[in-house]
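Peer 1: Protein sequence lines correspond, in order, to chains A and B. According to the working numbering, the first sequence holds residues 1 to 433 in order. According to the working numbering, the second sequence holds residues 1001 to 1334 in order.
Incorrect hints may have been included.
To be verified - Quick list of simulated restraints, FRET-style, between CB atoms:
1) Gly1197/B - Asp420/A: 51 to 59 Å
2) Met1001/B - Asp420/A: 28 to 36 Å
3) Gln1139/B - Gly340/A: 49 to 57 Å
4) Glu1211/B - Ala149/A: 32 to 40 Å
5) Glu50/A - Arg1313/B: 34 to 42 Å
6) Arg335/A - Thr1100/B: 48 to 56 Å
7) Arg394/A - Glu1211/B: 52 to 60 Å
8) Ser1229/B - Gly340/A: 21 to 29 Å
Stated by the list, open to error - Pairs of lysine to any residue residues, derived as SDA-like cross-links and limited to a Cα-Cα distance of at most 20 Å, are as follows:
9) Lys1300/B - Gly156/A
10) Lys1300/B - Arg158/A
11) Lys1263/B - Gly156/A
12) Lys33/A - Thr14/A
13) Lys1263/B - Glu1205/B
14) Lys1263/B - Arg137/A
15) Lys1263/B - Ala138/A
16) Lys1263/B - Ala165/A
17) Lys1300/B - Arg1276/B
18) Lys1300/B - Asp1282/B
19) Lys1263/B - Pro134/A
20) Lys1058/B - Ile1017/B
21) Lys1058/B - Met1115/B
22) Lys1263/B - Val132/A
23) Lys1300/B - Val132/A
Unchecked claim - Here chain B is said to cover these stretches of chain A; the calculated rule only asks that three of the stretch's residues, wherever they fall, bring their Cβ under 8 Å from a Cβ of chain B:
24) 132-139
25) 327-339
It is worth saying that the hints were derived from the structure and are not from the lab. Remember, predicted model here, so these are calculated numbers, not experimental data. We treat Cβ as the ideally placed atom computed from N, Cα and C, and that holds for glycine.
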Amino acid sequence: MAATVIAMPRLGMTMEEGTVVEWPLPIGAPVSKGQTVLVIETEKTEAEIEATASGVFRHIYVEPGETVACGTLCGAISDTADEAFDADAFAAAHAPPESAHPKVPTFETGAGASAKAAAPLSDDDRSGKRPVAPAARALARELELDVDAIPGSGPGGRVTKQDVAAHAAARERLVSVAPGIALEVLRAGDGDPVLLMPGFGADASAFAPQSAELSVDYSLIAVNPRGVGLSDAPDQQRYEIPQAAHDAAALLDRPSHVIGASLGAAVALELALQHADKIRSLTLITPFVRASPRLLAVIEAWCRIAERDDPKTLAAFLAPWLFGDGLLADEVARRRTLQGLAAMSARTPAAGLRRWAAGIAVWSGTREDSLATIRIPTLCIVAGRDLLTPDSTRIAAAIPDSRTQEIADAGHGVTIEAADAVTAAIRAHLNRS
Amino acid sequence: MSRELSLGQAVNEALQIAMETDPDVILMGEDVAGGGDRTGDDVDEMGGVLGTTRGLVKAFPDRVLDTPISEMGILGAAVGAAITGMRPVVELMFMDFIGTCLDPLLNQAAKFRYMFGGKVRVPLTVRTVTGAGMQAAAQHSQSLYWLTAGIPGLKTVIPSNPIDAKGLLLAAIRDDNPVVFCEAKMVLGSIAEVPAGDYEIPIGEAALVREGGDVSLIGMGATVPMCRSAAEQLARDGIQADVLDLRSIQPLDEEAILATLEKTGSVVVVDEATPRSSVASDIAALCVDRGFDFLNTPVKRISAPHCPVPFSRPLEQAYIPSIDRIVETVRGLA
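The following block holds chain A by itself, in its conformation from the complex (with noise of 0.2 Å):
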């Protein structure tokens, strides 16, 4: 009368855990000694576990979809169907030691996993294990820097020096907008006011194309947005679009020229319908007021890859749905392009990516209504060949004072892939402003 083991095996050195797969056999099943009696995976392996003992399949511990260390009591076979087996007692006897304790279920399966995946990855997420490169290591070291809360534009997210300096650079420009909030802000030039802001994942360098020509005439007011680049990131569950308008009124001391980007333009929308005071006139880039399916399926998978890829890959795959073939066939221009957009993505954590996507989410089709009270002189620039905005050209119809500018062959990126086509509508518009 006795019972036996049926265990979390360690298939190789290296194995320290495994999943229950399969029992094959249902409770009360007779087993013959080296009949397979559990399927279990390991690095993506699957290996079926024979039975040490003949007699009767008595207990299930661990469910399949679990994950158990090795040496874990997973099941047990008792000599006979009609002898007592106490589940409780024979595991208690059974109780591997300390450290191999069945684990929490992983990230995917199981009870524990919402809590995990629900909240929403932090910055140490992503920095913990990142490498530092020893100059930048330095250079924070003398500037009295976190080097861990940098984020990193280097291969695998390695900070660099260039890294480092840029930060102790941006923290000099934070501006308080709300309580407790304080934003990144990039000025350049004199003249009259002109704020910049820039699209989804993008931060203020979007608009360096245009902003040594502008900076000539206007003063400009490039910001980054909640959880982009230096600005602070609150643990909100989503950035609302009409709360980032708030953020941007807070900069704006007198009326002003104000220019955004895809979602940029959807927070200048926002701005000129809370705050039509402090608005000039109103440039508004490949704008949206209602997100298309695919804006929606792009966005999921730019904020997956940012939270489970490098900088690099994520600009592989945004590249194609940003900018048209012209700019995908010239080799120079699409490795500059593509290492842009990987040092912007290292600017722009994952973390906000959500919140932001969850902004849009709330936000897309609010305002269809609204866009026909709009009395600022409004530019439209909208991209021929822009896969993720098909409404711009029915916003420019919808504002009264407004016209349009096409730019043929460019993709929803148009402010990087056709520069100096978007800084002269620009100008031209400001000027008649």
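Given the coordinates of chain A, assemble chain B onto it according to the supplied hints.
Peer 2: Quick look at chain B alone, frame taken from chain A:
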């Protein structure tokens, strides 16, 4: 005044100047006279297997000596001549043959000055041909400069161009220590405007031959032109490279290496030799050891694989470090 000369011709000119300015300078080696007629001028002597010393026997009939085919004999005689007042320049036809004559170099020439308390000078120069690229196969294509560079008491230099070749060889011949002068096959035929007259390039000084600031490409001998070409390609992508020509492998210009590392934070060493115990590895170690806080990217080594040089042309070309490998490596850093 300067003329266009190949690296081989620049070596010849340096030898001629050295022999004109110092009667103690003698040449020895297999066919360095090459059966040339010492009196008549109707015989076109060979001047070594690659013709580098052609013409010298006519100018200095008693001082250019053909030897038997015995590297041990050549080096043994040369070391003896050096410590007894001559300033011999010997030709070791290919550096691959160094195994047959290592003792006179490793245990005699390299040790005498030290062991005799500085009372003995060993003004010996060993000219030798190194490297792949001519389908000379596994026994005639090796880059073994790392071997002599690792022996205390020997100096080892490897010019990348005719101008440096002339100045370095004159400095080597006039050095009171044994110097191994490597002529890399792939640059032997390279052409440059070489200044006329007598000049020396100090042994132990690297040359920054291109100024960039984004990445440091460090080469020696045949890999320097590769680094320069790679730098031009990278410049089209907006990546500006420093190119450092080591010129001297031992002594190694550590300060020049650390200076370019400090400037760029990124070092790629391009070495024609095999990677184990190599100059490239030595420089990588130097960067980590003395330049750790400057490093913004991993130090990358581009070298031959740890394998003999193949005879087959496509395999040999794949074996030798290439411009494409340098460009790809640099792109992978950012």
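Peer 1: Does the structure keep Lys1058/B and Ile1017/B at a Cα separation of 20 Å or less?
Peer 2: OK: Lys1058/B and Ile1017/B at ~14 Å, within 20 Å.
Peer 1: Does the structure keep Lys1058/B and Met1115/B at a Cα separation of 20 Å or less?
Peer 2: Given pair Lys1058/B, Met1115/B is violated - Cα atoms ~39 Å apart, limit 20 Å.
Peer 1: Please test the hint of 52 to 60 Å on the beta carbon pair from Arg394/A and Glu1211/B.
Peer 2: holds (54 Å)
Peer 1: With a cut-off of 20 Å on the C-alpha distance, tell me whether Lys33/A and Thr14/A pass.
Peer 2: violated (27 Å)
Peer 1: Verify the proposed pairing of Lys1263/B with Pro134/A, using a straight-line Cα cut of 20 Å.
Peer 2: holds (14 Å)
Peer 1: Holds or violated: 51 to 59 Å for the Cβ distance of Gly1197/B and Asp420/A?
Peer 2: The hint (51 to 59 Å, Cβ to Cβ) holds, given that Gly1197/B and Asp420/A are roughly 55 Å apart.
Peer 1: Are Lys1263/B and Val132/A close enough, with their CA atoms no more than 20 Å apart?
Peer 2: Status holds; Cα separation ~18 Å.
Peer 1: Verify the proposed pairing of Lys1263/B with Glu1205/B, using a straight-line Cα cut of 20 Å.
Peer 2: Holds - the C-alpha atoms of Glu1205/B and Lys1263/B are around 18 Å apart, at most 20 Å.
Peer 1: Is the hinted pair Lys1300/B and Gly156/A satisfied, with a Cα-Cα distance of at most 20 Å?
Peer 2: It holds: about 16 Å lies between the C-alpha atoms, which stays within 20 Å.
Peer 1: Holds or violated: Lys1300/B with Val132/A, Cα cutoff 20 Å?
Peer 2: Since the Cα atoms of Lys1300/B and Val132/A sit roughly 17 Å apart, the hinted pair holds (cutoff 20 Å).
Peer 1: Given the hinted pair Lys1300/B and Arg1276/B, is their alpha-carbon gap at most 20 Å?
Peer 2: OK: Lys1300/B and Arg1276/B at ~14 Å, within 20 Å.
Peer 1: Kindly confirm whether 49 to 57 Å is satisfied by the beta carbon distance between Gln1139/B and Gly340/A.
Peer 2: Since Gln1139/B and Gly340/A have Cβ atoms about 50 Å apart, the given range 49 to 57 Å holds.
Violated hints for the displayed structure, listed by number in ascending order: 2, 5, 11, 12 and 21.
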